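2 protein chains.
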Amino acid sequence: MKLIPGGICAAKGFSAAGLKAGIKPTSPADKNDLGLIVSSVPCAAAGVFTTNRVKAAPVWLDKEQLADGTAQVIIANSSIANACAPDGEETCRKEMALVSDALDVKASDVLVSSTGVIGVRLNVEAIEAALPELVSKLNDSAEGSDAVARAIMTTDTVKKEISYAFEVGGKTAHIGGISKGSGMIHPQMGTMLCYLTTDACASAEMLDKALREVVGKTFNRISVDGDMSTNDTCIILANGLAENPCIANEGEDFEALKAAMYEVCLYLCRLMAQDGEGATHLMTCKVSGAANEADAEVLGKSVINSSLTKAAIFGADANWGRVLCAMGYSGVDFDPDKVSISFVSEAGNVLVCQNGRGVDFSEETAKSVLSEEEVIIDIVLGEGDAEATCWGCDLTYDYVKINGDYRT
Amino acid sequence: MKLIPGGICAAKGFSAAGLKAGIKPTSPADKNDLGLIVSSVPCAAAGVFTTNRVKAAPVWLDKEQLADGTAQVIIANSSIANACAPDGEETCRKEMALVSDALDVKASDVLVSSTGVIGVRLNVEAIEAALPELVSKLNDSAEGSDAVARAIMTTDTVKKEISYAFEVGGKTAHIGGISKGSGMIHPQMGTMLCYLTTDACASAEMLDKALREVVGKTFNRISVDGDMSTNDTCIILANGLAENPCIANEGEDFEALKAAMYEVCLYLCRLMAQDGEGATHLMTCKVSGAANEADAEVLGKSVINSSLTKAAIFGADANWGRVLCAMGYSGVDFDPDKVSISFVSEAGNVLVCQNGRGVDFSEETAKSVLSEEEVIIDIVLGEGDAEATCWGCDLTYDYVKINGDYRT
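Chain order of the listed sequences is A and B.
Numbered according to our numbering, the first sequence spans residues 723 to 1130.
Numbered according to our numbering, the second sequence spans residues 723 to 1130.
Simulated from the structure, these hints should not be mistaken for lab results.
Please read all numbers here as calculations on a predicted model, not as lab measurements.
Ideal Cβ placement from N, Cα and C applies to all residues, glycine included.
Any given hint could turn out to be false.
Label-pair ranges, simulated between beta-carbon atoms [as the list claims (entries may be wrong)]:
#: 1; chain 1: B; residue 1: G938; chain 2: A; residue 2: K828; range: 54 to 60 Å
#: 2; chain 1: B; residue 1: T773; chain 2: A; residue 2: E812; range: 44 to 50 Å
#: 3; chain 1: A; residue 1: E855; chain 2: B; residue 2: G938; range: 56 to 62 Å
#: 4; chain 1: A; residue 1: E1096; chain 2: B; residue 2: N1077; range: 42 to 48 Å
#: 5; chain 1: B; residue 1: R843; chain 2: A; residue 2: G938; range: 39 to 45 Å
#: 6; chain 1: B; residue 1: G938; chain 2: A; residue 2: P727; range: 56 to 62 Å
#: 7; chain 1: B; residue 1: K1060; chain 2: A; residue 2: K1089; range: 51 to 57 Å
#: 8; chain 1: A; residue 1: E889; chain 2: B; residue 2: G938; range: 56 to 62 Å
Residues from chain B shown here face chain A by an in silico Cβ test under 7 Å; the list is partial [stated by the list, open to error]:
#: 9; residue: R775
#: 10; residue: V776
#: 11; residue: G841
#: 12; residue: T952
#: 13; residue: L1030
#: 14; residue: G1043
#: 15; residue: P1058
#: 16; residue: G1080
#: 17; residue: V1122
Construct all of the structure, not just a fragment, from the sequences and the given hints.
Here it is, written out as structure tokens:
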């Protein structure tokens, strides 16, 4: 597998564009708010979406659109979520029809995606007005990927984009992804959106299977603030232009595709956690020695979701009692007397708890370990051999600032 | 029922004292850190405790002590939680023996309670040294209650204490309570401790039943930050000196006692939420029209635990989408299209969502409603007739400040 430039345009046959359509009149003048991703041919496609009981219109409509396993275009906007909004379905269908006409693709192959404020009508008229220019800007180079990656950003501070070349079935295929926001199971309200493109050939069924497995071990293991959005979406389009023998079953080729998807999603999910609202630290929680992987995951998530632990990491305070406490209320059965906890970073490794009891450690070393940008909370249980890693970020003044006055 | 002064000393036969024992050498010079509550005669007693898998030594030892339904003394300290600490059981048993000797009560009737930092050995030598002075200060007036209420405070900014007189079985009885911290199911790490005293006569079994019901509708419905402590404790001592016919069954007298307990706990739990770390608003979430009370409670808790909703309330931002979103990921089955949401306070009432869709409202009115100290999020579902109220607080810069550097 080889890191390459190009983002979602790295795979053959994909082009993209982004611009400022003025979805919300008050949005910054230089900020793209509308993006388009187009494959030159119809794609096998799969998606995973929020499990929130309250779903934005684009989410349940995309689920319908993906029922036949094909799609060709994604149109995505920021600023307005189109959730709990007047005319939610109507505005989505209007978008689909507009894009279908403009690109001469089937309306049933157009996916729509939105992120932003809830409860406000999507200004589809602004999208209609901007569409001709957006289509004219479609570009199959890194520039196109960049423009749409920027269009979906909201409170993100860095663009999230990556691409790889990989071998599958004797051919070189490509896969790229862009994303925004900070989570899947527990994303910030700013919503997680992720679009993956590949020129590998695979059936919609195999894409769906690979996507669910990969999302389960990546995006579903990050959290910024425990709030699950109404709009979370992760979609993959596979247009088959790499000409590998089409993947229709599990096996070596399926594993190769899944491994490439995993690398893309791992990179994006870590970047999303690190870029969580107001974050100053990437907080990685590795749980090993668990009875099974599900237990390890629940424990890790409980730790990265603990407001007290997150605030302690912000303060570079080796307050391991909060880590053990968060494990204790996770619902997982384990013996606290067999737990060890270390803090690890590029600056070193400090053991703070052994057999469930505090051990003497140098506060100075701990401070220096916890002051690095990525801090690993390394938890070892005495229950078995399973492990899982989860990612989050610290809780800071800026998180409160951003979310105390986001809407107005 | 009549509000009276006296706190936990309002009931006949109870005395209390508090002082600074220097449990932690670095604690402020003028801050009590050790308290004692004593009944002149043995009491029927009941307690409810944290369900965290990681339990402090005082929690599991008090559970043992309460197995026989009797107790006479509570000794409580702040600064050190005696959780995951070296010699946890040994230091608790030493405390029990010391108090037993000093007061000539059975060691099995002494309850111990701690709050503070995890993983540090409880300095029982400081308690031993302070005990003679503490005993000499025992006082059956409001002064005694005040001293112990202050001894258990940690990051609390206000003392939490109340007492009532009530009629039961043709006699006037009294009930009082003190508490610290901010939660039970989801308390801050600072831990919730609550001690109730009454001179009503009731069996330990009836006390336990009443306490569980009342805690379920009060302390279990507040949350500050979703973190459940290792030390949470709520204990009631009933010494029978009011001479009412002893309550051994459900019925009118049981209901009278439970109603008095409810008033005390309701007052204390609201005050705890309001005094949540860094809080500037008491956030009350009332859910009605639910299919059943359990659903209403889960929905209300999901809202008061949402970091995004809490930050919006801090910013006086009528961001109702975050409320509906938090309901959506609560796990409760409901129809979002039948939900109405209003914000209510002393400044007025503003309907922001009807039938799951945003409605036009005055941002100016909303700002003024949300700027009051208590803000009620009034949610009406279209599922049934059940309701529940939960209490929380906003998420502020000060929460991050307090918790980013609590331990050191």
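Structure-based check of each hint:
1. At about 55 Å, the CB distance of G938(B) to K828(A) agrees with the hint of 54 to 60 Å.
2. The hinted range of 44 to 50 Å is satisfied by T773(B) and E812(A), whose Cβ atoms lie roughly 47 Å apart.
3. A hinted range of 56 to 62 Å for the beta carbons of E855(A) and G938(B) is consistent with their spacing of about 60 Å.
4. The supplied range of 42 to 48 Å is met by E1096(A) and N1077(B), whose beta-carbon atoms lie about 46 Å from each other.
5. Our hint of 39 to 45 Å for R843(B) and G938(A) holds, since their Cβ atoms are close to 42 Å apart.
6. Remark: the range hint 56 to 62 Å for G938(B) to P727(A) is upheld by a beta-carbon distance near 58 Å.
7. Taken as a hint, the range 51 to 57 Å holds for the pair K1060(B) and K1089(A), whose Cβ atoms sit roughly 52 Å apart.
8. For the hinted restraint 56 to 62 Å between E889(A) and G938(B), the CB-CB distance of approximately 60 Å keeps it satisfied.
9. Evaluation of the R775(B) hint against chain A yields a held restraint, the C-beta minimum of about 4 Å falling below 7 Å.
10. Restraint check, V776(B) versus chain A: the minimum CB separation of about 3 Å is within 7 Å; hint holds.
11. For G841(B), the interface hint holds, since its Cβ comes within 7 Å of a Cβ in chain A; the closest pair sits about 3 Å apart.
12. The closest approach between the C-beta of T952(B) and any C-beta of chain A is roughly 5 Å, which is under the 7 Å cut-off, so the hint is satisfied.
13. The restraint placing L1030(B) at the interface with chain A holds, with a minimum CB-CB distance near 5 Å, inside the 7 Å limit.
14. For G1043(B), the suggested interface contact is upheld, since its CB lies about 3 Å from the closest CB of chain A, less than 7 Å.
15. With a least beta-carbon distance of about 5 Å to chain A, the hint placing P1058(B) at the interface is held under the 7 Å criterion.
16. With its C-beta approaching chain A no nearer than about 3 Å, G1080(B) sits inside the 7 Å limit, and its interface hint holds.
17. Because the beta carbon of V1122(B) sits about 5 Å from the nearest beta carbon in chain A, less than 7 Å, this interface hint is met.
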